[in-house]
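**Student:** As they're listed, the protein sequences go chains A and B.
Residue 207 in UniProt numbering sits at position 207 of the first sequence; the count goes up by one each step and never skips.
Residue 168 in UniProt numbering sits at position 168 of the second sequence; the count goes up by one each step and never skips.
These aren't lab readings, by the way, just hints derived from the structure by calculation.
The beta-carbon is built from N, C-alpha and C at its ideal position, and this holds for glycine as well.
Heads up, a few of these hints could be off.
Have a look at the derived ranges for each label pair, beta carbon to beta carbon [unchecked claim]:
{"hint": "1", "chain 1": "B", "residue 1": "S70", "chain 2": "A", "residue 2": "A276", "range": "45 to 55 Å"}
{"hint": "2", "chain 1": "B", "residue 1": "G209", "chain 2": "A", "residue 2": "S91", "range": "36 to 46 Å"}
{"hint": "3", "chain 1": "B", "residue 1": "N290", "chain 2": "A", "residue 2": "T339", "range": "47 to 57 Å"}
{"hint": "4", "chain 1": "A", "residue 1": "P323", "chain 2": "B", "residue 2": "N253", "range": "34 to 44 Å"}
{"hint": "5", "chain 1": "A", "residue 1": "D219", "chain 2": "B", "residue 2": "N290", "range": "41 to 51 Å"}
{"hint": "6", "chain 1": "A", "residue 1": "K334", "chain 2": "B", "residue 2": "V328", "range": "50 to 60 Å"}
{"hint": "7", "chain 1": "B", "residue 1": "K150", "chain 2": "A", "residue 2": "A276", "range": "26 to 36 Å"}
{"hint": "8", "chain 1": "B", "residue 1": "T143", "chain 2": "A", "residue 2": "T360", "range": "51 to 61 Å"}
{"hint": "9", "chain 1": "A", "residue 1": "E178", "chain 2": "B", "residue 2": "S52", "range": "50 to 60 Å"}
{"hint": "10", "chain 1": "A", "residue 1": "T154", "chain 2": "B", "residue 2": "G185", "range": "39 to 49 Å"}
Next come the chains, spelled out residue by residue.
There are 2 protein chains.
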Amino acid sequence: METPRYIKENFKRKKEVLEVRNKMAGVAEGAVMKNNKKVLLKKYVSGFPQESDLEVVTNETILLKVPQESNAVLVKNLYLSCDPFLRVLMSDLAEPIYIEGFHLGNVIRGFGVSRVLESGHPDFKEGEYVWGITGWEEYSLITDTEKIFKIPFTDVPLSYYTGLLGMAGLTAYIGFNEMCSPKKGEYVFISAASGAVGQLVGQLGKLKGCYVVGTAGSDEKVELLKTKFGFDDAFNYKTEKSLGVAVNRCFPNGIDIYFDNVGGAMLDAALLNMRANGRISACGMISQYNLEEPEGVHFLVKMLTKRLTMKGFNVIDHFSVYPKFLEVVIPYIKNGEITYLEDKADGIENAPAALVGLFTGKNVGKQLVVLADE
Amino acid sequence: METPRYIKENFKRKKEVLEVRNKMAGVAEGAVMKNNKKVLLKKYVSGFPQESDLEVVTNETILLKVPQESNAVLVKNLYLSCDPFLRVLMSDLAEPIYIEGFHLGNVIRGFGVSRVLESGHPDFKEGEYVWGITGWEEYSLITDTEKIFKIPFTDVPLSYYTGLLGMAGLTAYIGFNEMCSPKKGEYVFISAASGAVGQLVGQLGKLKGCYVVGTAGSDEKVELLKTKFGFDDAFNYKTEKSLGVAVNRCFPNGIDIYFDNVGGAMLDAALLNMRANGRISACGMISQYNLEEPEGVHFLVKMLTKRLTMKGFNVIDHFSVYPKFLEVVIPYIKNGEITYLEDKADGIENAPAALVGLFTGKNVGKQLVVLADE
Numbered sequence: 001m002e003t004p005r006y007i008k009e010n011f012k013r014k015k016e017v018l019e020v021r022n023k024m025a026g027v028a029e030g031a032v033m034k035n036n037k038k039v040l041l042k043k044y045v046s047g048f049p050q051e052s053d054l055e056v057v058t059n060e061t062i063l064l065k066v067p068q069e070s071n072a073v074l075v076k077n078l079y080l081s082c083d084p085f086l087r088v089l090m091s092d093l094a095e096p097i098y099i100e101g102f103h104l105g106n107v108i109r110g111f112g113v114s115r116v117l118e119s120g121h122p123d124f125k126e127g128e129y130v131w132g133i134t135g136w137e138e139y140s141l142i143t144d145t146e147k148i149f150k151i152p153f154t155d156v157p158l159s160y161y162t163g164l165l166g167m168a169g170l171t172a173y174i175g176f177n178e179m180c181s182p183k184k185g186e187y188v189f190i191s192a193a194s195g196a197v198g199q200l201v202g203q204l205g206k207l208k209g210c211y212v213v214g215t216a217g218s219d220e221k222v223e224l225l226k227t228k229f230g231f232d233d234a235f236n237y238k239t240e241k242s243l244g245v246a247v248n249r250c251f252p253n254g255i256d257i258y259f260d261n262v263g264g265a266m267l268d269a270a271l272l273n274m275r276a277n278g279r280i281s282a283c284g285m286i287s288q289y290n291l292e293e294p295e296g297v298h299f300l301v302k303m304l305t306k307r308l309t310m311k312g313f314n315v316i317d318h319f320s321v322y323p324k325f326l327e328v329v330i331p332y333i334k335n336g337e338i339t340y341l342e343d344k345a346d347g348i349e350n351a352p353a354a355l356v357g358l359f360t361g362k363n364v365g366k367q368l369v370v371l372a373d374e
Numbered sequence: 001m002e003t004p005r006y007i008k009e010n011f012k013r014k015k016e017v018l019e020v021r022n023k024m025a026g027v028a029e030g031a032v033m034k035n036n037k038k039v040l041l042k043k044y045v046s047g048f049p050q051e052s053d054l055e056v057v058t059n060e061t062i063l064l065k066v067p068q069e070s071n072a073v074l075v076k077n078l079y080l081s082c083d084p085f086l087r088v089l090m091s092d093l094a095e096p097i098y099i100e101g102f103h104l105g106n107v108i109r110g111f112g113v114s115r116v117l118e119s120g121h122p123d124f125k126e127g128e129y130v131w132g133i134t135g136w137e138e139y140s141l142i143t144d145t146e147k148i149f150k151i152p153f154t155d156v157p158l159s160y161y162t163g164l165l166g167m168a169g170l171t172a173y174i175g176f177n178e179m180c181s182p183k184k185g186e187y188v189f190i191s192a193a194s195g196a197v198g199q200l201v202g203q204l205g206k207l208k209g210c211y212v213v214g215t216a217g218s219d220e221k222v223e224l225l226k227t228k229f230g231f232d233d234a235f236n237y238k239t240e241k242s243l244g245v246a247v248n249r250c251f252p253n254g255i256d257i258y259f260d261n262v263g264g265a266m267l268d269a270a271l272l273n274m275r276a277n278g279r280i281s282a283c284g285m286i287s288q289y290n291l292e293e294p295e296g297v298h299f300l301v302k303m304l305t306k307r308l309t310m311k312g313f314n315v316i317d318h319f320s321v322y323p324k325f326l327e328v329v330i331p332y333i334k335n336g337e338i339t340y341l342e343d344k345a346d347g348i349e350n351a352p353a354a355l356v357g358l359f360t361g362k363n364v365g366k367q368l369v370v371l372a373d374e
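All chains, please: the whole structure from these sequences, using the hints.
**Tutor:** Here you go:
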């Protein structure tokens with residue numbers, strides 16, 4: 001079917017408008033003003049985020065040119081990563097987590113995979129792929145260049161750098177291998193185990209010779225943990241009467257390492273079942289981000305009686321480990337010993353739903369948004 | 001006034017009874033059966049302990065002789081230490097903390113200072129002083145000899161080994177100097193700061209060049225912290241409307257190290273005010289031991305956003321540090337740079353009240369019970 005004439009004309013009009021604008025803005029010859037769809041924050045979020053808290057605008061434009069004498073990097077965004085920490089940044093007066101809280105009417109930001117179109121920075125070159133902090137938009141002019149990283153290996157799916165080979169993967173590696181010093185035969189419990197981080201923690205645990213149990217929010221995810229990801233056991237926390245009883249059933253001898261992605265009641269259930277000298281990696285508290293009042297955690301006295309260590313961390317303090325992490329993980333990916341499941345939303349129009357769905361557990365595997373393939 | 005005749009006769013009768021018993025038990029010539037007052041557990045405690053949960057019995061006896069071929073140590077107890085962890089051991093089905101939970105009708109146990117009367121153990125000799133786990137009674141036959149320690153320096157008050165130079169002091173040293181790695185200029189907050197552990201933590205903090213603030217439960221104790229113990233600031237948590245506001249007022253720049261002796265709401269107030277990379281020493285949770293249902297702690301999300309580390313520990317894992325600890329602390333005690341305040345109850349009859357008073361904050365300084373001076 002041929003493109004209808006009114007669309008063609010609309011497009012032509014837009015192009016003319018852009019050309020006029022470019023001239024008025026004194027844009028250099030050869031520079032292109034491009035349409036640039038974006039996801040903006042429309043309302044500060046309290047409670048669960050709604051699609052209506054975000055807005056996809058389709059009439060914004062960007063000048064595809066790095067300003068002279070700037071060391072910014074102009075990129076085309078390929079994949080956007082839906083991560084729980086974005087929820088925290090959507091609150092009014094949010095404390096920064098790696099990046100500043102979002103402002104009303106501004107584009108939201110997060111981790112993504114992008115292709116460099118033009119670079120004012122000596123470390124990045126046209127045509128290279130990068131992962132790191134970018135805007136939720138089709139094109140971004142990145143000035144925070146210390147928050148993007150060159151993608152060193154392109155013989156694995158590039159989308160993996162939104163998760164397994166990006167922030168989530170490094171988080172799993174740091175939070176488990178480095179923070180918890182797992183040893184062969186130890187008992188490891190993982191919450192939100194089918195998520196981007198949890199998947200990898202479980203597989204790293206199995207590679208270390210640990211006994212690994214995960215929890216997730218649907219029978220389908222539980223099945224995935226036990227089959228695709230090789231967990232020793234798993235349970236659906238939504239259908240258990242008592243989390244404490246469920247955890248105890250899976251760990252009659254107690255837990256050595258609890259990798260916590262959720263906080264709240266699950267943290268309590270884990271605390272009740274920790275063994276002496278246990279370690280808790282406080283990686284995320286997704287169960288708490290949407291609550292007006294955070295839930296209380298009641299069994300911290302186990303910190304004393306069991307001599308536990310709980311460590312909160314932020315992957316950004318550990319980027320120096322990234323090359324070592326890739327060295328460990330990439331061979332396992334290539335030989336199939338580490339597997340990975342992605343849940344891809346298609347197009348920026350579907351980005352708000354994808355992000356919001358994360359908090360009701362809609363995604364199966366790592367949630368990302370595909371903007372373009374290259 | 002002369003002792004009334006009926007008492008003399010009563011005493012004579014008791015002595016005769018003891019002599020008969022000794023003969024029946026085949027007690028060796030020269031061994032003495034001695035009256036031995038004891039504190040027994042009368043009721044398992046739930047909620048706040050009451051004096052009536054304990055019972056002082058005055059008609060028990062002990063054979064002052066180490067059984068043949070036993071490596072037990074017979075001691076005369078001089079000082080008994082009132083410690084918060086004893087409350088935990090008074091519950092039914094208590095989890096062991098260093099020692100087993102107490103049983104109904106049995107003598108309660110805890111840290112104390114004692115003089116060796118006779119020893120079947122090569123490491124201890126008659127006339128030596130020891131500190132460690134003993135019974136709440138006048139004389140004890142100690143079989144758990146790995147839980148008593150020879151007192152190496154007797155040119156400081158022996159009672160100090162129930163606290164400053166014993167378990168509490170080592171706890172302060174381990175939990176602060178070793179667990180929290182304090183650095184000059186850091187901001188240190190201490191709860192239950194006038195207690196046995198808190199006093200020393202504060203003074204160790206000042207010696208390290210930290211800014212030290214403590215909280216306690218009376219104006220008198222607050223004054224002590226600021227004058228006698230050299231804290232930079234202190235507040236009475238009982239008269240503050242909001243703990244969070246009080247902590248924030250004392251730490252406008254936030255807290256680097258929180259030494260937690262109380263848990264619960266104070267832990268929340270501290271969490272809200274922690275700085276990035278802060279450390280929390282989970283040493284005690286006295287506010288929780290008497291509750292039927294533990295309070296919830298609501299702001300653990302700060303563990304993530306501030307990248308905090310919380311460490312529970314038990315001093316018993318660190319006894320190897322004891323000689324080093326004495327080496328550090330004793331010179332400061334002798335030159336007056338570390339000071340210490342004791343609250344002494346007199347006689348075993350007053351032991352239950354002294355122990356119970358700990359949980360309502362009656363004591364000013366380290367609470368102990370004096371049974372004998374040598």
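**Student:** Which of the listed hints are not met by the structure?
**Tutor:** 1
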